[in-house]
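Peer 1: Take a look at the letters that make up each chain.
Protein chains: 2
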Amino acid sequence: MPKRVDHDQRRREIVAALWRIASTGGLEAVSLGEVAVEAGVSKGMVQHYFGSKQEMLRYATGYLRARVEQRISPQPPTLRGLLLALLPVDEDSRTESLVANAFFFRALNDPALAARFREGNTMLRDTLAARITDEIPALDPTEEADTLLALLSGLTNALLLGHHNAAAATALLDHHLVRIGAHRNSPP
Amino acid sequence: MPKRVDHDQRRREIVAALWRIASTGGLEAVSLGEVAVEAGVSKGMVQHYFGSKQEMLRYATGYLRARVEQRISPQPPTLRGLLLALLPVDEDSRTESLVANAFFFRALNDPALAARFREGNTMLRDTLAARITDEIPALDPTEEADTLLALLSGLTNALLLGHHNAAAATALLDHHLVRIGAHRNSPP
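So the sequences go chain by chain: A and B. Residue numbers for the first sequence follow the numbering used here, beginning at 1 and rising by one. Residue numbers for the second sequence follow the numbering used here, beginning at 189 and rising by one.
Among the clues, some could well be false.
[Stated by the list, open to error] Listed next, with one range per pair, are the computed distances between beta-carbon atoms:
#	chain 1	residue 1	chain 2	residue 2	range
1	B	Ala204	A	Met45	43 to 51 angstroms
2	B	Gly228	A	Asp8	46 to 54 angstroms
3	B	Ala204	A	Ala66	21 to 29 angstroms
4	A	Arg11	B	Gln235	43 to 51 angstroms
5	A	Gln54	B	Asp314	25 to 33 angstroms
[To be verified] Partial chain B-side listing against chain A, Cβ under 10 angstroms, derived:
#	residue
6	Asp194
7	Ala227
8	Ala346
9	Leu360
[Claimed, not checked] Over the 10 angstroms line for every Cβ pair with chain A, so calculated as not near, a few chain B residues:
#	residue
10	Leu245
11	Arg253
12	Val256
13	Ala302
14	Leu337
15	Ala356
Hint data in this document are derived by calculation from the structure and do not stem from the laboratory. All residues carry an ideal CB built from backbone N, CA and C; glycine is no exception.
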C-alpha cells in the first residue's frame with residue numbers, strides 16, 4: 001500500500017517540523033501555519049493531516065513516546081545502559097529533551113497531557129525497576145527507580161543548560177550507580 | 189524616603205503580576221499590556237517602571253534569585269534543611285518553581301539568561317558543598333552537591349507534575365541523605 005506509506009511519511013515530516021519549532025520557541029510558537037512554512041508544505045496540507053493544533057500536539061506526544069521507547073529498547077539491557085540512553089548527549093536526544101520540556105510546561109496546566117506524562121513516567125520507572133530487581137536485588141526497586149528518574153531528569157536539565165557536559169553528567173550518574181552497587185553486578 | 193519605598197512596592201506588585209502570568213502561560217504570555225491588566229494598573233505605569241519586556245524579565249530573574257536566597261537563609265543551617273527549603277511543597281515555592289521553569293526554557297536560547305542560571309546554580313552548589321564539608325567531611329563536596337542539585341531539580345519536576353506528593357519527594361530525598369551519611373551527623 002504505497003499511498004499509506006506516503007501518508008505516514010508526510011505525517012512524520014510535519015511532526016519533525018513541529019519539533020524544530022517547539023525545541024526553540026516552545027509550544028506557544030507552534031501553529032498550523034508556522035508548521036506548514038517550516039515543513040515546506042501548504043497550510044491546507046497540514047490541515048489535511050491534523051484538524052487542529054491540539055490534534056497535532058497529541059500526535060507529537062505519541063511520537064515522542066515512541067522515540068523514547070525506541071531509544072531504550074535496542075540498548076544492552078543493563079541499568080546503566082538504559083540510563084545513558086536517556087541522557088541528552090547528542091543532537092537528536094537533545095531535541096527530544098527540549099520538546100519534552102516544552103510539553104512539560106504545557107502539561108502543568110493540561111490534565112490530559114499531565115496524564116500522558118504520568119504514563120510515560122510509570123513505563124520508565126517499571127523498566128528501570130525491573131533492571132534493579134535483576135542487578136541489585138537487595139534494594140527496593142521502586143524507590144531506587146524513582147530516585148534514578150529524578151536524578152536523570154535533573155541531569156537532563158543541567159545538560160540542556162550547559163551546567164555539565166556529557167562526560168561530567170555521565171560521571172555523576174556512575175558515581176551514584178557505584179554507590180548503590182549497580183557496577184558490581186553488571187558490565188559498564 | 190517614602191517615595192522610594194512606594195516605587196519599590198509598585199515594582200514588586202508589577203513583578204508579582206508578571207509571575208502569575210508566567211507561572212501559568214510561560215514567558216510567551218508576558219507582555220507589558222498583559223502585565224498591566226493583571227496588576228490593575230495602566231500600561232503607561234508599567235512602562236514608567238520597565239522600558240521593555242526584556243527589562244521587566246531581567247528584573248524578575250533578580251527577584252527570583254532574591255527569593256531563593258531568602259528561602260535558604262533563615263533555615264537551620266543543615267544540609268537537609270537547605271534541601272527541604274528548596275523543594276516546591278507550598279503554593280509560594282510552587283509558583284517560584286513554575287516561573288523558574290518558564291525562565292529555564294527561555295534560557296536555552298538566551299545566553300545572558302543561561303549565564304544567570306549558571307550563577308544561581310554555582311551559588312546553590314557552593315552553599316550545599318559548604319554544608320557537606322561540615323557534616324560529611326569524608327565525601328567530595330562538589331560531586332555530592334552536584335548530585336543533590338540534580339536530584340532536587342528532578343524531584344521539583346516530579347512535584348510540579350504530580351508524580352510525587354510532598355511526603356513522597358521528602359522520603360526520596362531522606363533516603364538519599366541517609367545513604368550518603370548526612371543523617372548520622374546532623375539533626376533532621
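Peer 1: Does each hint fit the structure? Answer for all of them.
Peer 2: Against the structure, the hints:
At about 45 angstroms, the CB distance of alanine 204(B) to methionine 45(A) agrees with the hint of 43 to 51 angstroms. Look at glycine 228(B) against aspartate 8(A): about 51 angstroms separates their beta carbons, and that is inside 46 to 54 angstroms. The hinted range of 21 to 29 angstroms is not satisfied by alanine 204(B) and alanine 66(A), whose Cβ atoms lie roughly 41 angstroms apart. The given range of 43 to 51 angstroms is respected by arginine 11(A) and glutamine 235(B), whose C-beta atoms sit roughly 45 angstroms from each other.
Between glutamine 54(A) and aspartate 314(B) the Cβ separation comes to about 44 angstroms, which falls outside the hinted range of 25 to 33 angstroms. For aspartate 194(B), the suggested interface contact is broken, since its CB lies about 34 angstroms from the closest CB of chain A, more than 10 angstroms. For alanine 227(B), the interface hint is violated, the least distance from its beta-carbon to any beta-carbon of chain A being 21 angstroms, above 10 angstroms. At its closest, the beta carbon of alanine 346(B) sits 6 angstroms from a beta carbon of chain A; the interface hint therefore holds under the 10 angstroms criterion.
Taking 10 angstroms as the C-beta contact cut-off toward chain A, the hint placing leucine 360(B) at the interface holds, the least distance being around 6 angstroms. Distance check on leucine 245(B): its Cβ is at least 15 angstroms (rounded) from any Cβ of chain A, clearing the 10 angstroms threshold; non-interface status holds. The claim that arginine 253(B) is not at the interface with chain A holds, since no C-beta of that chain comes within 10 angstroms of its own (minimum 15 angstroms). No Cβ of chain A approaches the Cβ of valine 256(B) within 10 angstroms, the least distance being about 16 angstroms, so the stated non-interface status holds.
For alanine 302(B), the condition that its CB be more than 10 angstroms from all CB atoms of chain A is violated, with the nearest at approximately 6 angstroms. With a minimum CB-CB distance of about 7 angstroms to chain A, leucine 337(B) fails to clear the 10 angstroms threshold, and the non-interface call is violated. The Cβ of alanine 356(B) sits about 8 angstroms from the closest Cβ of chain A, inside the 10 angstroms cut-off, so the non-interface label is violated.
Against the hints set out earlier in the document, violations occur for numbers 3, 5, 6, 7, 13, 14 and 15.
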